[in-house]
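K.L.:
Each chain, letter by letter, is given below.
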Amino acid sequence: MNNTWLSDYVIIPSILILAILLVFPLLVGYIVYVERKVLAFIQSRLGPMRVGPYGLLQPIADAVKLLTKEDIAPRDADVFVFKIAPIILLVVGLTGLAFLPMGEGFTLFGYDISLSIVDVNVGVLFLLALMSLSTYSLVLGGWASNSKYPLLGALRSAAQMVSYEVALTFTILATLMIAGTLSMNGIIDAQREAGLWYVFVQPVGFVLFIIAMVAETNRLPFDLPEAEAELVAGYFTEYSGFRWSFFMLGEYAAMVVMSGLLVTLYLGGWMRPFPNVELLSFLDFIPGFSWFVLKVGFFIYFFIWLRGTYPRYRYDQLMGLGWKVFIPLSIANLFITGLFIIIMDSLSS
Amino acid sequence: MPAPKKSLAATALLTDLITGLWTTLRYTFKPNVTVRYPLERSVLHPNYRGILRVDDDLCIACFLCEKICPDNCIVLEGEKGLGKGSKYASYFYLDHARCLFCGLCEEVCPVDAIYHSNEFEGATYNRADLVHDLAILHKGHAIVHYER
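Heads up: the protein sequence lines correspond to chains C and F, in order.
Residue numbering for the first sequence follows the working numbering, starting at 58 and increasing by one per position.
Residue numbering for the second sequence follows the working numbering, starting at 7 and increasing by one per position.
Derived from the structure by calculation, the hints contain no laboratory data.
Just so you know, these numbers come straight off a predicted model, no measurement behind them.
Ideal Cβ positions, reconstructed from N, Cα and C, are used throughout, including at glycine.
Just so you know, not all the hints are guaranteed correct.
[To be verified] Partial list, derived from the structure: chain C residues whose beta carbon lies under 10 Å from chain F:
1) I99
2) Q100
3) R102
4) G104
5) R107
6) Y367
All chains should be modelled from the sequences, with the hints used to inform the complete structure.
P.N.:
Quick look at the structure:
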């Protein structure tokens with residue numbers, strides 16, 4: 058294997074980054090298409106059908122429309138902050154994609170290529186920090202628009218994201234205690250050694266993570282900050298055209314990143330189900346990347362399914378749930394996990 | 007009456023939430039109810055009160071429909087038929103802009119000359135085109151189907 062410093066840290070990551078940057082906007086466009094179709098089927102209607110066969114060219118039409126729209130800003134808006142807010146969200150979302158381990162490494166032309174762009178040994182911490190940064194973008198966007206609906210939406214959204222981040226962090230801590238490492242690849246290795254996915258060890262944590270994940274990404278039933286009926290469009294009311302598409306790309310990137318984190322922490326990342334069971338080793342020909350895509354794809358469908366099923370929480374109910382229910386539950390989860398670890402350790406020694 | 011109290015097990019296991027998800031999942035695979043107009047049109051009940059039509063041969067110009075119309079949409083004039091043995095309508099104008107499609111003229115006509123068809127695509131580009139004379143009422147107005 059002729060891996061050099063240059064190939065490991067410059068060339069291969071650049072190629073992977075370029076691949077993601079080229080593919081991701083189109084992918085998000087089709088996630089939006091899938092969302093519209095799935096929501097329509099849940100509601101017994103058809104969704105986009107006119108543009109192309111079965112509406113498959115709808116994202117292309119939307120992209121063309123967004124790109125050719127006039128780029129306006131409100132007159133009294135703070136122009137620099139107004140322009141930078143969606144860029145922050147997009148950059149944060151796309152950067153998070155770099156940390157997801159998308160498959161096992163393979164060897165090509167003698168080079169070892171790993172399918173996670175970076176393998177930081179504090180990957181989970183970095184991802185959590187990135188998700189916190191996205192709050193900045195909302196607040197800046199809402200403030201810079203110089204208008205009451207975006208401001209209210211931004212403040213509500215920031216408060217909501219901050220509260221659910223606490224619950225999220227405590228839930229992740231419990232899993233990290235079992236895994237023993239913060240590195241994303243390390244967590245997958247720990248699950249392989251343990252022989253089962255952590256969802257079986259931490260069922261409560263899994264459910265809590267899902268709920269906190271939905272609240273973090275501002276999706277129904279926690280999407281009051283961008284509720285169309287109540288706040289026009291919340292913090293991105295004053296954005297149109299290309300800047301609005303940045304917000305949308307950033308939001309769906311955050312969804313993909315959070316789903317990726319969920320899959321890595323609880324569902325074994327790119328491993329097949331029951332990785333140590335010899336009986337199922339005939340499934341080994343399926344590459345890890347497909348398992349990853351399958352699992353993340355299922356959770357994106359789950360996001361859309363949740364959106365089609367539940368009504369929206371009122372803002373005070375939302376904050377009450379976050380602080381009075383989920384944070385105590387996640388702390389209790391952490392406590393019980395710690396107890397179990399101590400008991401298991403003392404039993405085995 | 008107040009809603010039944012949820013048991014602790016139901017709250018912990020999120021039973022009602024999962025029931026909701028199951029319902030939505032079932033509906034995802036049920037057939038859609040959308041009628042994709044203009045590519046398809048739904049089939050209407052025979053009693054549907056669509057655009058009015060008059061059978062020229064049956065009308066005896068009794069003026070009952072003109073009198074009963076709540077909106078005064080109908081204007082007609084009758085003449086004694088030479089060789090036909092009864093009156094016939096020499097002209098018959100029905101203003102579909104005023105018509106409220108109540109069906110009274112259809113009910114009151116003693117010979118069933120005026121009737122509601124099943125056509126509903128009556129939009130025109132100016133109001134004058136909505137006044138139908140006897141020729142249009144007999145043949146039915148020309149529907150221009152939208153072609154993509």
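K.L.:
List in ascending order the numbers of the hints, as given earlier, that are violated by the structure.
P.N.:
none
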